[in-house]
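S.K.: Assemble the complex: chain A is given as a structure, and chain B must be docked to it using the hints.
Listed below, chain by chain, are the residues.
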Amino acid sequence: MRQLGRTGSRRWRRFGVLVAGLGLASTGLMVAPASAVGTPLVGTFTITPGACSGGVASGTYLRMVLSGGTNAAGPYFSNSDSACSDNTYTLLSPGSAGGLVTASYQPQPTPAFDSSGNALADQITTPVPFEGVKFATATNPVDPQTGLHTPAPSVVDNGGALSGNVQSFGVSWNNQEFNQGSPKPDGSSPGNTTPVTGTYNSSTGAYVLQWSSQVVGGPFNGFSAFWNLTGRFIPAAGTTVPAASGSAVSAPSAGASHGASSSAPAGSGRSPGSSSSGRSSSGSGATAARPGSSATGGTASTGSTTHAPSKASRPTTKTHTVVSSHTVVAGSDGWDAPTWLVVLVAALAAIGLAGVLWAERQLRRQRTIDHIDVKGA
Amino acid sequence: MIRRLLTVAALAPLLAITAGLAISGPAGANSSGRHTLIGTFKLTPGACFAAAVTGTYFRMISPNGSVANGKYFDNPDSTCANKTYTLAEPGTQGGLITGKYQPNPTPAFNAQGGALADSIVQPQSFTAINFSIATDKKDPQTGESAPAPTIKVNGGKLSGQIEAWSAAWNKLYFNQGSPKPNGSRPGLTTPLSGTYNSSTRAFVLTWTSQVVGGPFNGFTGYWHLAGTFVPAR
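One line per chain: the protein sequences are A and B, in this order.
Going by the numbering used here, the residue at position 100 of the first sequence is 100; the numbering climbs one at a time, nothing skipped.
Start counting at 1 in the second sequence, then tack on 377, and there's your number in the numbering used here.
Derived by calculation from the structure, the hints in this document are not laboratory data.
Treat the hints with care, since some could be wrong.
[Claimed, not checked] Some chain B residues judged to face chain A by a derived CB distance under 8 Å, without partners named:
hint: 1; residue: Thr-456
hint: 2; residue: Lys-460
hint: 3; residue: Ala-505
hint: 4; residue: Asn-547
hint: 5; residue: Pro-592
hint: 6; residue: Gly-595
Only a predicted model underlies this, so the values are computations on that prediction, with no experimental measurement involved.
Backbone N, C-alpha and C fix where the C-beta goes; we use that ideal spot for every residue, glycine too.
Isolated chain A, as found in the complex (with noise of 0.2 Å):
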């Protein structure tokens, strides 16, 4: 009788033992690939202005896709004042920051309109005619479209995979707003839309930024748009990038070479549809100065390829060594276990620890009496 208490105790044990393991295994594996460890990008994402050439886009641009349609099919709205042979590329070039600043914002002026609808706000990008009104970016901290309050873009390089949020990136057209930010200013990602991704190159600071961004409620509501910049981030000043030697290198004073990145070759260029990796060519024989230098006549070629990168092609990662900055979480590659769900495995793992206590106890009892019943023999 003892001895089967005993080994029911010791079963408990093992199956405590068993679940808590389990679940601790679980709960770790669910936050820790959605958790990838990277380095927050803070300055510049200066931008190369795009191109087209034979029907293929390169550099920066937009596409738009109609209600319904697909990033990889389309269709794709066509803009009659597009520079491109094929018009559903709107080709974009860098504005008076010379790109998108991550970690603080680049709102739009007021008033944000002309007295024709056409957009004002020139920091990202430099106003474009879209239909015949020019359309623009800003990102504010509170969206204009929404009224929602969104967070500063952030991108986090994480072995040469960029990941992000954009959420306060908007766009502003004919006198009206439209939240063009990943995920939504509610967090949430409607339809077409797609996380930020992209690849960095930190020896010559090459990158590719990508997302696509639904439009909710309002005249295009159903229409979405893919977003491809192209460039080279360039570290906000008193900040230090990953250098290729491993070493840190430090970011040139404000505005040191913003204009430098509107000269460089345009970048690489994908059709949407190629996305499915999210991440392109970053070229790997690109000749860019290094950020922190002053870019004067760089060319910060990320390629002019528009299939999808072999391994080969992807930027080459060096020792991401950063000073000023820190390292942050980021949770936007891997799968996000549901709240419920990492609630259940934990509740199951303090079960197992329970179990594999109250089986300690049991057989700590069961030696005690043993030991008694010895001793009285």
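M.R.: For chain B alone, kept in the frame of chain A given last:
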């Protein structure tokens, strides 16, 4: 008795004129050559032959553009090589009826925002969303009252008003009348004009109407209706 005869004699010319008007009414021409065409302007479907476009169609002009030079809005769903043309097909009533309304149904849109009105023209895809046409007593965009369409012919030339003409798309309404419901003709809005062959009753009606307010403020629709007029009975 004599008084009655005198009265009848006095009214006779008036009665004769009235009778004459009634007889010649819908499609015929009165002595002055100008009269109202009451009936249905049956639409010939739009068609494309290389660069030539015939029949009934629509084009949208970007702000600051012109009818002559555009720029015109591309509709990727156009079946023409030139995507700036959106072709139309006659609706269940064959086309535009004058003297009365052809209102939007209730609901006017499906869940995807596609317009459902189908009396004048069949809903057509415009950037992946069906748009359609209706004439409502109360203009759905402005909320203003609009008279039923009237078209007159004078020496083979058409004129009139089509204030109630309204396009519906993606759960939005755009008045596309000329003049607008308040009687104005803003921007590129031009009067309704066209030709009419009294022998064959073949007609062509054209006008432009600038969108006022809303998301496409400043854009202008160019309407080209062609077909055969069928007088009301």
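S.K.: Now, for every hint given, state plainly whether the structure supports it.
M.R.: Results of checking the hints against the structure:
1. Thr-456: Violated: closest Cβ of chain A sits about 13 Å from B:Thr-456, beyond 8 Å.
2. Lys-460: With a closest approach of 6 Å, the B:Lys-460 hint holds.
3. Ala-505: Since chain A brings a Cβ to about 4 Å from B:Ala-505, closer than 8 Å, the hint holds.
4. Asn-547: Given a least distance of 7 Å, the restraint on B:Asn-547 holds.
5. Pro-592: Since the shortest Cβ distance to chain A is 3 Å, the answer is holds.
6. Gly-595: 6 Å, holds
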